[in-house]
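There are 2 protein chains.
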Amino acid sequence: MKCLLIYDIPDDRARGKIADFCLDYGLDRLQYSAFMGDLSPNHQEELMLKIERRLGKAAGRIDLFAICQEDWRKRLSLSQGMSPQGENHE
Amino acid sequence: MKCLLIYDIPDDRARGKIADFCLDYGLDRLQYSAFMGDLSPNHQEELMLKIERRLGKAAGRIDLFAICQEDWRKRLSLSQGMSPQGENHE
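Chains A and B supply the protein sequences, listed in that same order.
According to our numbering, the first sequence is numbered sequentially starting from 303.
According to our numbering, the second sequence is numbered sequentially starting from 303.
Copies of the same chain are indistinguishable here, so a pair counts whether it falls within one copy or spans any two.
Result set (DSS-like, lysine-lysine): computed pairs, CA atoms no more than 27 Å apart in a straight line:
#1 K376 x K319
#2 K376 x K304
#3 K319 x K304
#4 K319 x K352
#5 K376 x K352
Since the hints were made in silico from the structure, they are not lab data.
All chains should be built: construct the whole structure from the sequences, respecting the hints.
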């Protein structure tokens, strides 16, 4: 099931660690703070729990959407001059 | 139709202007770089065209998803200590 995970985590170290979790779960970077990929419902829950534990009391917002094929197909995208690995932010 | 627009725009001025476009179209800020709200297919196209024109040659990536009620209902979210207006970033 195609998933989109987006986050807003001000703390650099927590954000970096949580990006690693996303990559560990096989997600690909769509934007600097957005990851996409296939996750079963169980893995969605598991990843969110790992993120919650790592975040601890730090501020953050994370949203994970499972998006059906039909909605995924209809997305509108515009991309220019960006590195998918997020180097624009370093 | 419930929509989610996410962007990654390194240039501060372009990003600010494009955030204003999203608010003008009645979207609400979900995260610092993510907006949600109801947009017809026509308004989705129109907003993306306005964004494309404003972005010009600046680097950026924008993705707009129309998400069905069922998928929207099943999203997983975690939020703590965050201002929805993005003040954590100022």
